[in-house]
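Heads up: the protein sequence lines correspond to chains Z and L, in order.
Using the numbering used here, you'd call the opening residue of the first sequence number 249 and step up by one each time.
Using the numbering used here, you'd call the opening residue of the second sequence number 42 and step up by one each time.
No wet-lab data here; the hints were simulated from the structure.
Heads up, a few of these hints could be off.
Claimed, not checked - Dumping the calculated BS3-like pairs for lysine-lysine here, alpha-carbon to alpha-carbon at most 25 Å:
id : chain 1 : residue 1 : chain 2 : residue 2
1  : Z       : K500      : L       : K384
2  : Z       : K438      : L       : K384
3  : Z       : K298      : L       : K193
4  : L       : K193      : Z       : K267
5  : Z       : K268      : L       : K193
6  : Z       : K298      : L       : K196
7  : Z       : K528      : L       : K46
8  : L       : K394      : Z       : K445
9  : L       : K384      : Z       : K528
10 : L       : K247      : L       : K46
11 : Z       : K443      : L       : K196
12 : L       : K387      : Z       : K528
13 : L       : K83       : L       : K350
14 : Z       : K501      : L       : K247
15 : Z       : K445      : L       : K387
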Amino acid sequence: MAVQTVLSAINQTLFEQMKKDDSVVVFGEDVGFEGGVFRATKGLQQEFGKDRSFDSPLAESAIIGSAIGMAVNGLKPVVEIQFSGFMFPGYNQIVAHAARYRNRTRGLYNVPMVIRMPYGGGIRALEHHSESLETLFAHIPGLKVVIPSTPYDAKGLLTSAIQDPDPVIFMEPKRIYRAFKQELPDKEFKVPIGKAKTLKKGEDITVVAWGALVRETEKAIKGLEDEGIDVELIDLRTIQPYDKEAIANSVKKTGRLLVVHEAVKSFGPGAEIISMINEKAFLYLEAPPTRLTGPDITVPLPKGEHHFIISPERIRAKIKEVMAF
Amino acid sequence: MLTKKFDPLKKKIFQVLDHEGNITDEKLVPKIDDETLLKMYKTMLLGRIADTKALQYQRQGRMLTYAPIKGQEAAHTAPIAALDKKDWMVPAFREMAGMLYKGADLEKLYLYWYGNEEGNHFDEELRILPISVPIASQINHGAGVAYAAKYKGDKEVAVAFVGDGGSSHGEFHEGLNFAATTQSPLIVIIQNNQWAISTPREAQSKAQNLASKGIGYGVPSILVDGNDPLAMFAAVKEARERAINGNGPTLIEALTYRLGPHTTSDDPTIYRDDDDLKYWEKRDPIIRFKKYLIDKELLTEEEDEKLQKEYKDFSNKTFKKVEKSGLVPLEDVFNYTYAELPKDLKEQLALHKKLAESEAK
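My request is simple: use the sequences and hints to build the entire structure.
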């Protein structure tokens, strides 16, 4: 057992899986020698050599497209896209090929690959460094989309992702890369893809969040019980295929739902989850299921980003609003 | 080295058989045994006839939109003939004869254009990747397949095809560059058929030839007469040697001509000059190759006629079989989205089953 951050847990997992399985290769821009701009792949090249951990040319379609070819020919590539905002040049490969290869070949070729990418705001970054684009992946059949919020989940989910037969988009909330620490087993363990986690049981309202906003929601609900509001907090952990039962069962108990996400509002994951609740738990509702999200605007640069960020205060206010309906 | 001798920057074109089917220089003739030569010809001929038939079926409303290969048979068949069985073929979508040479059944190839994904499910040992409709993105897949081969120490190469239009695409450049920097055993073949739908080669690129694009990536490159099966064979053979010896990728531009439309939805008569077509019809790879084989006494006109009849019958019989294959079952359109069907998709499948059943009543 050692204390780990989200980032060090990812690094530990990559070491562990590369040691265990020769077919795991890790590459991307600055991934090899430097160990990635956030150091998630630090030390891998030194340990496993340049064939297994290397700096690719600065070219997202080549990174993702070649990973597809490697997966077809027996490897398990784990590639890094430096920031999720840079994935667009490689998006064609993700959507047109990674997501469809199994279907296109009627199961002849699976593409077991993982595309890691830091995402989300709150780190005073440049343009295209702060977006939450999980919807763009979750909407595409054939992809799995995973977002951990703790070091434990980062390790357990990444282990599952690397061993998964399907392509997995592994989005890392960079705001909490180093902000949250946990003691983790040094041995391999898995957290299943597709299973949400109830972080706090409650009776009055279900709050669903993921990534960095799980941490903000935890802050938001502290002390709420003293005010007579007993929140049930669910960390979704997998955005697609997501754990509908966990949310529906919770809402059947609490009668209220708030989805909190950093992604912009319209057509976002909140809309999907609320729609699902209307299908599965409508008659249990005591208030309209609702969402607290980023507005439908371009994420501002740091001097304006505070307008966009979802603070614990805003989450708390929204919970009270739903309770007061 | 052919790539040195026929430097594309010096506008040199590698050719072994001239337009009439005569050898240009005995020293350039690659070693190909008679059996392989005949197999190359027969596969090109089967490709031509199956292609002509496919066009007819489409015109009769029996086949979906189809991309004809007429005129390009040598450019994609000879490269596959130059490979080992364990090498990988990474097609674009206009390489039917090459796929046949690699071992794909005509039935599968027709099935794909008939509208069934099962047509992309080849025997695993054939090592044929599926048809890729998005342009040029398969070059990166080829680079990855090749990287994996090198990583595992397998002496095998990947051959990826792209069109002249595809050579303008970012994916082409990224894939070639990736294979070059990782020294992966990839051979990229541009089938330059002069047209990207209606956009002519001249509007596609200001490069003097497309092969020269490889030079910028440090990739040995060569411009080859793509209607010359012997030259295409020789160029790929040399590229393969280089690749399995750890010397990285090669770019080959096969200078050819699309004698038919881009697809059955296209009408080339509105953008193509008749004289141009006549010029290229005289350079037809099948006519040229046939003359060579007859001169070598490997084939007679009578045998050729017999083959043509045989292939017509075979194409008809195969297509009739495909027509009987019917519709894809409901389970099949759900089952291949993920390795294991997620719970929610199981529910959606059940719902669609119910809908289908109520419609049937």
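Each hint, compared with the structure:
no.	hint	verdict
1	K500(Z) with K384(L)	holds, 20 Å
2	K438(Z) with K384(L)	holds, 20 Å
3	K298(Z) with K193(L)	holds, 14 Å
4	K193(L) with K267(Z)	holds, 16 Å
5	K268(Z) with K193(L)	holds, 16 Å
6	K298(Z) with K196(L)	holds, 20 Å
7	K528(Z) with K46(L)	violated, 71 Å
8	K394(L) with K445(Z)	violated, 32 Å
9	K384(L) with K528(Z)	holds, 14 Å
10	K247(L) with K46(L)	holds, 23 Å
11	K443(Z) with K196(L)	violated, 42 Å
12	K387(L) with K528(Z)	holds, 16 Å
13	K83(L) with K350(L)	holds, 12 Å
14	K501(Z) with K247(L)	violated, 67 Å
15	K445(Z) with K387(L)	holds, 22 Å
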